[in-house]
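Order-wise, the sequence lines are chains D and W. With the working numbering as the guide, the letters of the first sequence map in order to residues 4 to 115. With the working numbering as the guide, the letters of the second sequence map in order to residues 8 to 121.
Take these hints with a grain of salt, some might be off.
Stated by the list, open to error - In the DSSO-like style, the derived pairs of lysine-lysine whose C-alpha atoms are separated by at most 30 Å in a straight line are: (1) D/Lys29 / D/Lys110; (2) D/Lys70 / W/Lys16; (3) W/Lys26 / D/Lys29; (4) W/Lys16 / D/Lys29; (5) W/Lys60 / W/Lys45; (6) D/Lys62 / W/Lys48; (7) W/Lys60 / D/Lys29; (8) D/Lys53 / W/Lys25; (9) W/Lys48 / D/Lys70; (10) W/Lys16 / W/Lys60; (11) W/Lys47 / W/Lys26; (12) W/Lys47 / D/Lys110; (13) D/Lys29 / W/Lys45; (14) W/Lys48 / W/Lys60; (15) D/Lys102 / D/Lys53; (16) W/Lys60 / D/Lys53; (17) W/Lys45 / D/Lys107; (18) W/Lys48 / D/Lys110; (19) W/Lys25 / D/Lys70; (20) W/Lys26 / W/Lys48; (21) W/Lys25 / D/Lys102; (22) W/Lys60 / D/Lys102; (23) W/Lys16 / W/Lys29; (24) W/Lys29 / D/Lys29; (25) W/Lys45 / D/Lys110; (26) D/Lys71 / D/Lys107; (27) W/Lys29 / D/Lys40; (28) D/Lys71 / W/Lys47; (29) D/Lys40 / D/Lys110; (30) D/Lys40 / D/Lys62.
Stated by the list, open to error - Chain D is nowhere near these chain W residues, computed Cβ spacing over 10 Å in every case: (31) Lys25; (32) Cys75; (33) Gln89.
Unchecked claim - Derived contacts from chain D toward chain W, CB cut-off under 8 Å, selection only: (34) Ser33; (35) His41; (36) Ile50; (37) Leu52; (38) Gly54; (39) Asp61; (40) Ile63.
The set of hints was computed from the structure by calculation and includes no laboratory data. Backbone N, C-alpha and C fix where the C-beta goes; we use that ideal spot for every residue, glycine too.
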Amino acid sequence: QQPVQSPQAVILREGEDAVINCSSSKALYSVHWYRQKHGEAPVFLMILLKGGEQKGHDKISASFNEKKQQSSLYLTASQLSYSGTYFCGTDPPQGGSEKLVFGKGTKLTVNP
Amino acid sequence: DTEVTQTPKHLVMGMTNKKSLKCEQHMGHRAMYWYKQKAKKPPELMFVYSYEKLSINESVPSRFSPECPNSSLLNLHLHALQPEDSALYLCASSQSDGTNYGYTFGSGTRLTVV
């Protein structure tokens, strides 16, 4: 079951904040976040496991709301290097399935 | 070494050719994956190897044949492909099976079938 990401695209000026959402119609065990720049491989940002935790990495953080079956990625004081397509990846509720399914992605453009 | 290395980076093959894609990692990861990615689309899972055994085959056509010779290597053998198989093929690895760990992706092989 593919997770749904929103928005599909967002354009920011350097220093602005953004939120990218990822939701599922089914219960989630874990949520992964990746960033892919044009012509490059996806790069792992963070993983959130069932338990509603929040994680941070520099000025990028994420939350996981198990009850709402959704996760949000927060980009604070965006930098030019944040540009790329962000994918969330989810797996079935039983976990441990090795089957990570990616959302369609959110294209983030940060302009000077 | 924190990389997944894929070769070749680019491949053009005819519909009657046989070719192989290679993937290597030396991080001690025990799970390895093949994903297919079309332009402006998310990666789509093809195969999962866990501890060198095929654990997931996402109903991929038999013209794609995976192989895991050892814990560091993953191959994808290609035969009689169709033009619609043209895509970026990504290899990834993770520390163990399950989705408790992030995936490290290789830079991919851009395949064109003519």
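Structure-based check of each hint:
no.: 1; hint: D/Lys29 / D/Lys110; in the structure: 24 Å, holds
no.: 2; hint: D/Lys70 / W/Lys16; in the structure: 42 Å, violated
no.: 3; hint: W/Lys26 / D/Lys29; in the structure: 39 Å, violated
no.: 4; hint: W/Lys16 / D/Lys29; in the structure: 37 Å, violated
no.: 5; hint: W/Lys60 / W/Lys45; in the structure: 27 Å, holds
no.: 6; hint: D/Lys62 / W/Lys48; in the structure: 26 Å, holds
no.: 7; hint: W/Lys60 / D/Lys29; in the structure: 28 Å, holds
no.: 8; hint: D/Lys53 / W/Lys25; in the structure: 43 Å, violated
no.: 9; hint: W/Lys48 / D/Lys70; in the structure: 28 Å, holds
no.: 10; hint: W/Lys16 / W/Lys60; in the structure: 26 Å, holds
no.: 11; hint: W/Lys47 / W/Lys26; in the structure: 25 Å, holds
no.: 12; hint: W/Lys47 / D/Lys110; in the structure: 10 Å, holds
no.: 13; hint: D/Lys29 / W/Lys45; in the structure: 26 Å, holds
no.: 14; hint: W/Lys48 / W/Lys60; in the structure: 28 Å, holds
no.: 15; hint: D/Lys102 / D/Lys53; in the structure: 16 Å, holds
no.: 16; hint: W/Lys60 / D/Lys53; in the structure: 27 Å, holds
no.: 17; hint: W/Lys45 / D/Lys107; in the structure: 11 Å, holds
no.: 18; hint: W/Lys48 / D/Lys110; in the structure: 11 Å, holds
no.: 19; hint: W/Lys25 / D/Lys70; in the structure: 49 Å, violated
no.: 20; hint: W/Lys26 / W/Lys48; in the structure: 24 Å, holds
no.: 21; hint: W/Lys25 / D/Lys102; in the structure: 28 Å, holds
no.: 22; hint: W/Lys60 / D/Lys102; in the structure: 15 Å, holds
no.: 23; hint: W/Lys16 / W/Lys29; in the structure: 10 Å, holds
no.: 24; hint: W/Lys29 / D/Lys29; in the structure: 35 Å, violated
no.: 25; hint: W/Lys45 / D/Lys110; in the structure: 15 Å, holds
no.: 26; hint: D/Lys71 / D/Lys107; in the structure: 20 Å, holds
no.: 27; hint: W/Lys29 / D/Lys40; in the structure: 22 Å, holds
no.: 28; hint: D/Lys71 / W/Lys47; in the structure: 28 Å, holds
no.: 29; hint: D/Lys40 / D/Lys110; in the structure: 10 Å, holds
no.: 30; hint: D/Lys40 / D/Lys62; in the structure: 18 Å, holds
no.: 31; hint: Lys25; in the structure: 26 Å, holds
no.: 32; hint: Cys75; in the structure: 14 Å, holds
no.: 33; hint: Gln89; in the structure: 23 Å, holds
no.: 34; hint: Ser33; in the structure: 5 Å, holds
no.: 35; hint: His41; in the structure: 10 Å, violated
no.: 36; hint: Ile50; in the structure: 5 Å, holds
no.: 37; hint: Leu52; in the structure: 7 Å, holds
no.: 38; hint: Gly54; in the structure: 12 Å, violated
no.: 39; hint: Asp61; in the structure: 16 Å, violated
no.: 40; hint: Ile63; in the structure: 14 Å, violated
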